[in-house]
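Undergrad: Each chain, letter by letter, is given below.
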Amino acid sequence: MNVAYEAVIGLEVHAQLRTQAKMFCACGTTFGLSANTQTCPICLGMPGILPVINRQAVEMAIRTGLALSCTIRSQNRFARKNYFYPDLPKGYQISQYEAPICEHGWVETYVNRVPKRIQIRRAHLEEDAGKNIHVSGSSHSRVDLNRAGIPLLEIVTEPDMRSADEVVAYLKSLRDILMYLEVCDGNMEEGSLRCEPNLSLRPVGQQGLGTKVELKNINSFKFVREALEYEIKRQTKVLDEGRSVQQETRLWDAEKGVTVTMRSKEDAHDYRYFPDPDLVPLHIAQDWVEELRKTMPELPSARQKRFVTEHGLPDYDAGVLTSSKPLADYFEHCVKLFGQPKTVSNWVMGELLRELKNTGTSAANSPVSPERLVSLLRLVEDRTVSLKVAREIFPELYASGKAPEHIVKEGGLTQVSDEASLEKMIDDVLAKNPAQLAQYRGGKEEVLGFFVGQVMKASGGKANPGKVNELLKKKLAG
Amino acid sequence: MVLHKLTLRELQDKLTQGEVSAREIVHAYYLRISQVEPKIKAYITQAVDSARAQAEALDQKLKNWRRTMPLMGMPLAIKDNICTEGVLTTCASRMLGTFVPPYDATVIARLRGQGYLLLGKTNLDEFAMGSSTENSAFGPSRNPWNLGYVPGGSSGGSAAAVAADECVAALGSDTGGSIRQPAACCGVVGLKPTYGRVSRYGLVAFASSLDQIGPITKDVADAAVLLNVIAGHDPQDSTSADVSVPDYTRALKKKDVKKLKIGVPREYFAEGLDPEVEQAVRAALDQLNELGGEIIDVSLPMTGVAIATYYVIATAEASSNLARYDGVKYGLRSKQAKDLLEMYMKTRQEGFGPEVKRRIMLGTYTLSAGYYEAYYGKAQAVRTLIRRDFDAAFQEVDLIVTPVMPTPAFKLGEKIEDPLQMYLSDIYTISVNLAGIPAISLPCGFSKVGLPIGLQILGRPFQEETVLRAAYAYEQATNWRTRRPTIR
Chain A
10 MNVAYEAVIG
20 LEVHAQLRTQ
30 AKMFCACGTT
40 FGLSANTQTC
50 PICLGMPGIL
60 PVINRQAVEM
70 AIRTGLALSC
80 TIRSQNRFAR
90 KNYFYPDLPK
100 GYQISQYEAP
110 ICEHGWVETY
120 VNRVPKRIQI
130 RRAHLEEDAG
140 KNIHVSGSSH
150 SRVDLNRAGI
160 PLLEIVTEPD
170 MRSADEVVAY
180 LKSLRDILMY
190 LEVCDGNMEE
200 GSLRCEPNLS
210 LRPVGQQGLG
220 TKVELKNINS
230 FKFVREALEY
240 EIKRQTKVLD
250 EGRSVQQETR
260 LWDAEKGVTV
270 TMRSKEDAHD
280 YRYFPDPDLV
290 PLHIAQDWVE
300 ELRKTMPELP
310 SARQKRFVTE
320 HGLPDYDAGV
330 LTSSKPLADY
340 FEHCVKLFGQ
350 PKTVSNWVMG
360 ELLRELKNTG
370 TSAANSPVSP
380 ERLVSLLRLV
390 EDRTVSLKVA
400 REIFPELYAS
410 GKAPEHIVKE
420 GGLTQVSDEA
430 SLEKMIDDVL
440 AKNPAQLAQY
450 RGGKEEVLGF
460 FVGQVMKASG
470 GKANPGKVNE
480 LLKKKLAG
Chain B
58 MVLHKLTLRE
68 LQDKLTQGEV
78 SAREIVHAYY
88 LRISQVEPKI
98 KAYITQAVDS
108 ARAQAEALDQ
118 KLKNWRRTMP
128 LMGMPLAIKD
138 NICTEGVLTT
148 CASRMLGTFV
158 PPYDATVIAR
168 LRGQGYLLLG
178 KTNLDEFAMG
188 SSTENSAFGP
198 SRNPWNLGYV
208 PGGSSGGSAA
218 AVAADECVAA
228 LGSDTGGSIR
238 QPAACCGVVG
248 LKPTYGRVSR
258 YGLVAFASSL
268 DQIGPITKDV
278 ADAAVLLNVI
288 AGHDPQDSTS
298 ADVSVPDYTR
308 ALKKKDVKKL
318 KIGVPREYFA
328 EGLDPEVEQA
338 VRAALDQLNE
348 LGGEIIDVSL
358 PMTGVAIATY
368 YVIATAEASS
378 NLARYDGVKY
388 GLRSKQAKDL
398 LEMYMKTRQE
408 GFGPEVKRRI
418 MLGTYTLSAG
428 YYEAYYGKAQ
438 AVRTLIRRDF
448 DAAFQEVDLI
458 VTPVMPTPAF
468 KLGEKIEDPL
478 QMYLSDIYTI
488 SVNLAGIPAI
498 SLPCGFSKVG
508 LPIGLQILGR
518 PFQEETVLRA
528 AYAYEQATNW
538 RTRRPTIR
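Sequences listed follow chains A and B, in order.
For the first sequence, our numbering assigns the number 10 to the initial residue and increments by one for each residue that follows.
For the second sequence, our numbering assigns the number 58 to the initial residue and increments by one for each residue that follows.
Among the clues, some could well be false.
[Claimed, not checked] Quick list of in silico lysine-lysine cross-link-like pairs, DSSO-like style, CA-CA up to 30 Å: (1) A/Lys125 - A/Lys366; (2) B/Lys505 - A/Lys140; (3) B/Lys118 - A/Lys90; (4) B/Lys414 - A/Lys225.
[Said to hold, decoys possible] Facing chain B, a subset of chain A residues (Cβ under 7 Å, in silico): (5) Gly54; (6) Lys90; (7) Phe93; (8) Ser104; (9) Arg281; (10) Pro290; (11) Ile293; (12) Arg392.
[Claimed, not checked] From chain B, some residues computed to sit far from chain A (all C-beta separations above 10 Å): (13) Asn138; (14) Thr146; (15) Arg169; (16) Glu333; (17) Val385.
Calculated directly from the structure, the hints in this document are not laboratory data.
Computed from a predicted model, the values in this text were never measured in an experiment.
In this text, a Cβ means the ideal position worked out from N, Cα and C, and glycines have one as well.
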């Protein structure tokens with residue numbers, strides 16, 4: 010008989026901070042420049058050079074720590090993590106070991122609409138490594154150090170997640186927070202947000218932890234899910250067969266959809282951490298933290314709660330709208346102009362979000378501005394166009410960038426409300442459907458709906474349904 | 058006029074009076090170098106072309122320029138672990154045998170700003186690891202007082218160059234005595250400033266928490282002049298102190314030590330101290346007493362564990378600092394390697410000498426998982442106790458006076474096969490680095506065979522002024538500085 014297992018998952022996320030300069034030198038942090046052009050003696054690790062801590066990176070770490078409800082440590086020490094690799098110019102990475110800048114926080118997320126809190130163990134500052142470039146067919150590899158020294162915040166959770174769904178939900182919430190704070194661009198494909206899950210299985214109900222496997226080389230939300238689901242299946246099979254899981258680091262192979270051994274426990278590095286004598290302890294005064302607290306934007310979870318209480322939105326709407334700062338800003342802009350939050354929410358979550366997703370566009374760059382969307386909503390409200398027509402023309406509005414009034418006018422889509430035209434259509438419909446007319450007159454009043462439908466059809470959807478209703482009742486009564 | 062015999066201040070006067078041109082100075086010094094260098098071997102690199110060009114340019118300027126700068130036209134030698142833009146900086150290692158830095162160390166930029174002339178780069182023990190310059194990949198330097206003896210180390214090339222008049226003054230670096238010990242061996246003045254007083258940016262790191270750059274000069278006043286130029290906060294070195302820099306030459310006005318309490322640590326006058334050295338240092342203490350100083354016995358109880366503490370901390374930091382020499386980016390890359398691991402191993406095997414390898418291995422071991430607390434953690438704790446010893450002593454006294462080394466200079470080859478004996482030659486200098494305090498070494502006599510003996514004066518952190526005042530008073534009251542080596 011097979012045992013049911015529970016997955017226990019923790020996550021290490023490396024977020025590249027969007028500072029102007031690198032962590033310990035004045036070089037820029039642009040992505041994609043030609044190799045080794047964004048370097049200086051300091052980030053090249055030349056003899057005699059010394060690091061100087063980037064204040065902006067520290068501020069970003071503090072602000073992130075505050076957003077993750079962490080304690081900000083006042084006494085910080087940077088440490089050297091020693092290992093040899095060609096993309097690591099000094100032969101050590103400057104990181105934080107015993108004294109991380111942020112500790113003991115949490116992130117609140119929703120998993121299938123159920124709230125879940127993930128504990129943050131720590132977040133610490135460190136410098137990124139460069140990149141090895143393997144040229145196929147060449148016997149030599151090359152090294153690009155443009156990325157070397159870019160500041161990273163490594164954010165480590167407790168092993169609080171139990172499924173790939175929870176991991177993806179946490180990761181999305183974390184990314185939302187980092188992007189709200191404008192400290193990271195959240196781009197997993199370009200590597201500015203990297204995640205390394207560790208996963209173990211245990212029989213359901215057991216308290217202790219199983220043997221942990223670390224996963225690397227995961228660069229999209231899709232791969233996070235696929236890699237975890239694969240690894241859960243793999244470990245389940247190993248355990249079901251009566252074998253034991255090996256403690257190791259495994260690489261996700263996206264092409265084959267499998268994880269493969271990268272290095273076993275025996276090959277694990279001894280990093281020989283020790284305090285970096287080139288950097289004096291960094292003292293973070295409480296005043297500085299409070300100063301930064303004042304600059305904090307409203308965060309996704311707070312904004313979500315406010316959308317429910319202030320705009321009367323359902324939890325779900327509030328969650329979707331606040332998942333991205335530009336989208337939430339867009340929504341609030343519209344509400345400010347138009348009111349009626351639920352109507353606006355339906356449009357933003359429905360028509361707008363669909364087009365944004367299809368075109369891979371941020372709400373901040375939407376070709377339909379909040380003003381234009383509100384114009385369209387006004388046309389519906391004053392019955393110039395029907396809701397149906399408004400929905401139908403939205404894609405055109407989005408694609409062309411034209412004013413809604415313009416599209417309505419050009420397409421002759423104005424709603425028909427004048428009584429003479431409507432009465433003529435009603436008379437036609439009644440004349441063509443004598444059987445239904447008899448039914449109505451015989452007391453079957455629900456046939457009214459049938460007549461309304463027929464009139465709307467005859468008008469090509471342009472008839473004002475309220476007016477049609479009113480006139481029909483009058484006619485039928487007469 | 059024999060230019061090379063002058064002190065920095067005397068030479069400066071001649072230049073500003075128009076009695077001599079920068080071109081003549083450079084010419085005179087390279088002439089001197091060509092005469093004695095084959096015997097002394099103080100230099101690794103002579104920057105002849107650039108020094109001549111700098112001198113010409115300076116002379117042109119001086120034609121209609123009345124400004125003076127403290128180091129204008131002064132021909133200096135720089136220890137070859139201090140980066141000089143465009144000039145080979147080897148650290149006396151095969152690893153950096155062809156390394157030309159694209160940047161100046163902060164101290165070099167400051168010297169440049171004051172119009173100095175770079176004569177060349179001086180020899181040292183590889184990566185400053187040693188006490189005799191015998192660990193240089195390019196061969197040892199010789200002691201100008203007796204060519205069969207070592208000039209001390211690791212700044213042996215700088216000290217020998219100053220003693221042999223191959224430069225007017227020099228810069229060295231001091232991690233455990235590497236300025237003071239060779240200065241003592243060669244009968245010149247060497248000052249190790251307070252940790253953080255002088256920027257380390259561009260000094261190729263040996264042990265970052267101990268390294269400090271300082272002057273090696275013909276007399277105390279010249280040391281003050283050089284320290285004025287190199288001292289001060291540097292935003293590029295976060296361990297450099299943001300403490301204001303006084304004019305150190307003002308410390309030289311009083312030629313006495315009146316009202317100063319001078320401590321004599323009993324632990325420094327114990328077994329292993331050569332009687333000739335003890336006699337010379339005791340005589341110097343009498344002299345200081347005559348100059349108005351109050352001599353007081355003090356105790357530095359942790360002295361006995363200083364060497365062990367030092368060799369844990371210094372090697373740990375070195376093992377990490379020297380990891381960057383991997384054949385990937387600059388310096389040596391072994392031609393024998395077939396894959397990455399081989400490239401690392403063969404490059405480091407071929408590039409480093411035995412003492413450097415020994416220290417990398419020691420340091421790697423002491424930082425390893427399971428050993429860290431027992432070695433590195435413990436050593437840091439003891440370092441704090443050593444610092445407290447000095448804090449306590451400096452509650453009672455203003456200065457501490459000790460020998461620089463237990464013996465005068467030793468013979469070439471005498472200790473090279475016995476690293477522990479070699480390490481012991483730094484027994485009186487190492488604690489100063491662990492405590493981060495300033496100390497000067499200056500001549501206080503000669504042994505029977507005619508080798509110089511050094512006197513060490515230690516001060517409170519950032520009290521280089523008091524150290525210089527006492528050193529100057531003693532120097533002016535004695536004649537040791539007038540004795541010069543005959544090179545043969």
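Undergrad: If a hint holds in the structure, say so; if it does not, say that too.
TA: Now for the hints, and whether the structure bears them out:
1. A/Lys125 - A/Lys366: 26 Å, holds
2. B/Lys505 - A/Lys140: 63 Å, violated
3. B/Lys118 - A/Lys90: 51 Å, violated
4. B/Lys414 - A/Lys225: Distance ~35 Å between lysine 414 of chain B and lysine 225 of chain A Cα, so the pair is violated.
5. Gly54: 5 Å, holds
6. Lys90: With a minimum Cβ separation of about 10 Å from chain B (threshold 7 Å), the hint on lysine 90 of chain A is violated.
7. Phe93: Hint on phenylalanine 93 of chain A: holds, closest Cβ of chain B at ~6 Å, below 7 Å.
8. Ser104: 13 Å, violated
9. Arg281: 4 Å, holds
10. Pro290: 10 Å, violated
11. Ile293: 15 Å, violated
12. Arg392: 68 Å, violated
13. Asn138: 8 Å, violated
14. Thr146: 7 Å, violated
15. Arg169: Holds, since 16 Å exceeds 10 Å.
16. Glu333: Holds, because the least Cβ-Cβ distance between glutamate 333 of chain B and chain A comes to about 38 Å, which exceeds 10 Å.
17. Val385: About 5 Å separates valine 385 of chain B from the closest Cβ of chain A, which leaves it inside 10 Å; violated.
Checked against the numbered hints given earlier, this structure breaks hints 2, 3, 4, 6, 8, 10, 11, 12, 13, 14 and 17; the rest are met.
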